[in-house]
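Colleague: Sequence:
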Amino acid sequence: MESEAASAPRLRRLVWTPVGLLLVGLALIWAIEVLDTVVLGDRLQRNGIHP
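Under my numbering, residues 228 to 278 are what the sequence shown spells out, in order.
Just so you know, the hints here were simulated from the structure itself, not pulled from any lab data.
Misleading hints may appear alongside valid ones.
Per label pair, the in silico range of CB-to-CB distance [to be verified]:
| hint | residue 1 | residue 2 | range |
| --- | --- | --- | --- |
| 1 | LEU238 | GLU260 | 23 to 33 Å |
| 2 | ARG270 | ARG240 | 33 to 43 Å |
| 3 | ARG270 | TRP243 | 22 to 32 Å |
| 4 | LEU267 | ARG237 | 36 to 46 Å |
| 5 | ARG240 | GLY268 | 33 to 43 Å |
| 6 | LEU262 | LEU238 | 15 to 25 Å |
| 7 | ARG239 | VAL261 | 37 to 47 Å |
| 8 | ARG237 | TRP257 | 15 to 25 Å |
| 9 | ARG270 | PRO236 | 38 to 48 Å |
| 10 | TRP243 | ASP269 | 32 to 42 Å |
| 11 | VAL242 | ASP263 | 36 to 46 Å |
For glycine and all other residues, C-beta sits at the position ideal for the given N, C-alpha and C.
Based on the sequences and whatever the hints tell you, model everything.
Modeller: Below, the structure is given as structure tokens:
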């Protein structure tokens, strides 16, 4: 019988390491910042507010 860790996909095992979780968190923060700048920047500038 295979262990659960051995049967998990390679990417999933890599992500569940401390370094993998840190990289996923940083990528998520970066994606939110980019979306925030694009979406809110346009919306605020239409209202005459320049961030």
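Colleague: So, for every hint listed, does it hold in this structure?
Modeller: Evaluation of the provided hints:
1. The supplied range of 23 to 33 Å is met by LEU238 and GLU260, whose beta-carbon atoms lie about 24 Å from each other.
2. For ARG270 and ARG240, the hinted distance range of 33 to 43 Å is satisfied, since their beta carbons lie about 41 Å from each other.
3. For the pair ARG270 and TRP243, the beta carbons lie near 37 Å from each other, so the given range of 22 to 32 Å is not met.
4. Remark: the range hint 36 to 46 Å for LEU267 to ARG237 is upheld by a beta-carbon distance near 37 Å.
5. Under the hint 33 to 43 Å, the C-beta atoms of ARG240 and GLY268, about 38 Å apart, fit the expected range.
6. At roughly 24 Å, the beta-carbon separation of LEU262 and LEU238 lies within the given 15 to 25 Å, and the hint holds.
7. Distance hint check: the CB atoms of ARG239 and VAL261 are about 25 Å apart, inconsistent with the given range 37 to 47 Å.
8. Checked against the given bound of 15 to 25 Å, the beta carbons of ARG237 and TRP257, roughly 24 Å apart, stay inside it.
9. As the Cβ distance of ARG270 to PRO236 is approximately 39 Å, the hint placing it in 38 to 48 Å holds.
10. The hinted range of 32 to 42 Å is satisfied by TRP243 and ASP269, whose Cβ atoms lie roughly 37 Å apart.
11. Our hint of 36 to 46 Å for VAL242 and ASP263 is violated, since their Cβ atoms are close to 24 Å apart.
Violated hints, listed in ascending order, are 3, 7, 11; each of the other numbered hints is respected by the structure.
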